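Next come the chains, spelled out residue by residue.
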Amino acid sequence: MDNNVILESERLRKEFGALVAVNDVSIKIRRNTIHSIIGPNGAGKTTFFNLLTNNVEPTAGRVIYKGRDITRLPLHRIAHLGIGRSFQITNIFPNLTVLENVRLACQSLGKHNFRLFNHYQHFRGDEERAGQVLRQVGLTERALTPARTLPHGDQRKLELGMILAPDPEMLLLDEPTAGMAAEVVPEMIDLIRQIHQTSHKTVLLVEHNMGLVMSISDCITVMHQGAVLAEGTPSEIAANKTVQSAYLGGLGWRVVDSGQ
Amino acid sequence: MKILRDHAILGAVAVFLIAFPFLIALLDGQSIGAMLAGQSGNSKFYQGLLIEIFILAIFAISYDLLFGITGLLSFGHAMFFSVGAYTAGIALKSLKLPLPETLVLVVFAGVAQALLFSIVLPRVKGITFALVTLGFASVFHIVIMSHELNDWAGGDVGLQNIPKPALLDPANQRLTFYFVALALMLLVYLFYRRFVDSPTGRVCSAIRENEHRAQMLGFNTFYFKLAALIVSGITAALGGALHALYQPIVSPTSASLGYTVNALLIILIGGVGTLSGALVGAAAFRLLQFYLDKLFGESSSFILGVVYVALVLFLPYGIIGTWRAKKLEWRAAWQARWRAWSAARPRGK
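Protein chains in written order, with the numbering used here: chain A, 1 to 260; chain B, 1001 to 1349.
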């Protein structure tokens, strides 16, 4: 096995009735890279993502993480492997405070989950780590407000913080800028880039925002109708005639320009 | 000092409840000696009413842990209570066990039924879980009324003539019983407070908020829900045992849906997920029932229904929930009023 590959899918397939949402997709994600998956709506990007973390059970194929088959691993085991996953629709604990959202994420991999007679604040490490993470994502001032009262962009940052809290090796981000106001998107891009550079995490990204994808990715996989259409560096993808004609048309590159 | 400040209200309530039998005796003109000897009078009567409230509160708080904290809606919670009551009754009456062994048995019964409910936990969620638990409780309800178990459980009449331990006889030793029930309720409450603030309890709240996210963070949510079920099952079973010791009869209706709905109503009145709401709600529930019954007799349940609708309309978060949400607002309003009043007061007097 290639030691550089951290996560790979082997002919991963998902059928919903007659519809083949993901058609034998095999990709390799190398360590310490930012790898993006792009494609038009309905290309199967999110379904593919859900197959990787077993949120949806595949019809066929395998998912290999660091040489280990994780295809049908129970959901709660995924985090223990060092994989953090965010969702397209913000997925937080709405009525708990921002701090508590992150603190729980820190607690999850600790050894004191069943200490019934201790106050949670007895375990200082969790809260200290949570404070650190909140500083990193820039939510320190909102620490004690209920998560539901945050503006959407901050909720996305909070979710990123929850994923970062246990210090995973790999981040799977499903459209981290989805629904964000245009002016805060660059903040998110900087944040992801900064996380990648400072802690050498592998990032797998599903994104609609072409500017984001082109500017930060090391490698891009283009999906079309459930299958891989092309793969390569941003410049290779930009120059790829098949991608241009089949998916981007004349339109995509205007988006890139405005994103720069 | 910090403990006193943090638990000022709880401490005040506890002191009041300890003094309560004596206060009533004094108001009634009954001598403390006669009251201590267990002579009948208003004090003894109200002790009885409060014991019922304490038992209801224990039952309701165990429901709040499941529904209000962990987000598990169960329609079979009455079974948790009823199993405790029947286990205690049968152990004391048919097996002739002494009280300590009986209570150990009750705790085991509580754990056993929590495990039974947990079998379906990984498979069903939300309303389906509620219906499955209702199914369990209904089966228990029917089994306990069956003719075959007549000698043990007393059929549809219920379990009668349970021998009461001499020290805890509600007829002669009601004051002791009162203090035991009060102590158990307060202990359960304090333990629940700690449980909710423990790492385990925090995850239970997270499960209520968003179970899928909790799983993706790496929590095996099944074990946390199981922990909540077991704690809740033991508590409710102990409440049931107290019920069996106090009441002259354990009726099979204690396993019915109506009894679960009582717990639900209590925490709706008090405030879902607040824990203390279960205690306040139990008091409000039983006192309303008692006084409306006294005032209106037959038609009381109709008026009770109107009161519930009004409560849900005007206090949607229950008494404690609304209090917590509005506390600061009210305090500010009162302070403003106080300042206005003291400013308007003529000076120099």
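Hint data in this document are derived by calculation from the structure and do not stem from the laboratory.
A couple of the hints might just be wrong.
What the hints assert, rightly or not - Derived SDA-like pairs: lysine to any residue, alpha-carbon spacing no greater than 25 Å straight-line:
#1 A:K28 <-> A:T145
#2 B:K1327 <-> A:V56
#3 B:K1326 <-> A:N95
#4 B:K1125 <-> A:V56
#5 B:K1327 <-> A:T97
#6 B:K1125 <-> A:T90
#7 A:K111 <-> A:E128
#8 B:K1125 <-> A:T145
#9 B:K1164 <-> B:L1036
#10 B:K1327 <-> B:A1008
#11 B:K1125 <-> A:N95
#12 B:K1327 <-> B:I1303
#13 B:K1125 <-> B:L1226
#14 A:K111 <-> B:F1222
#15 B:K1164 <-> B:K1327
#16 B:K1327 <-> B:E1209
#17 B:K1326 <-> A:T145
Claimed, not checked - Short, incomplete list of chain B residues facing chain A, as computed with Cβ under 8 Å:
#18 S1094
#19 K1096
#20 L1097
#21 G1218
#22 N1220
This structure is a prediction, so every number in the text was calculated from the model and none was measured.
Quick reminder that beta carbons are idealized off the backbone N, C-alpha and C, glycines included.
A quick look at each hint next to the structure:
1. A:K28 <-> A:T145: With Cα atoms ~40 Å apart, K28 (chain A) and T145 (chain A) exceed 25 Å; violated.
2. B:K1327 <-> A:V56: 45 Å, violated
3. B:K1326 <-> A:N95: 17 Å, holds
4. B:K1125 <-> A:V56: Given that 25 Å is the threshold and the Cα spacing comes to 18 Å, the pair holds.
5. B:K1327 <-> A:T97: This hinted pair holds, its Cα atoms lying about 19 Å apart.
6. B:K1125 <-> A:T90: Holds: K1125 (chain B) and T90 (chain A) sit about 21 Å apart, inside 25 Å.
7. A:K111 <-> A:E128: With Cα atoms ~16 Å apart, K111 (chain A) and E128 (chain A) stay inside 25 Å; holds.
8. B:K1125 <-> A:T145: Given that 25 Å is the threshold and the Cα spacing comes to 29 Å, the pair is violated.
9. B:K1164 <-> B:L1036: 19 Å, holds
10. B:K1327 <-> B:A1008: 15 Å, holds
11. B:K1125 <-> A:N95: This hinted pair holds, its Cα atoms lying about 20 Å apart.
12. B:K1327 <-> B:I1303: 29 Å, violated
13. B:K1125 <-> B:L1226: The hint holds at about 14 Å.
14. A:K111 <-> B:F1222: At roughly 17 Å apart (the allowed maximum being 25 Å), F1222 (chain B) and K111 (chain A) satisfy the hint.
15. B:K1164 <-> B:K1327: Not satisfied, since the Cα-Cα distance of roughly 45 Å exceeds 25 Å.
16. B:K1327 <-> B:E1209: 24 Å, holds
17. B:K1326 <-> A:T145: 16 Å, holds
18. S1094: Since chain A brings no Cβ nearer than about 34 Å to S1094 (chain B), farther than 8 Å, the hint is violated.
19. K1096: 34 Å, violated
20. L1097: 29 Å, violated
21. G1218: Where the cut-off is 8 Å and the nearest Cβ of chain A is about 3 Å from G1218 (chain B), the hint holds.
22. N1220: 5 Å, holds
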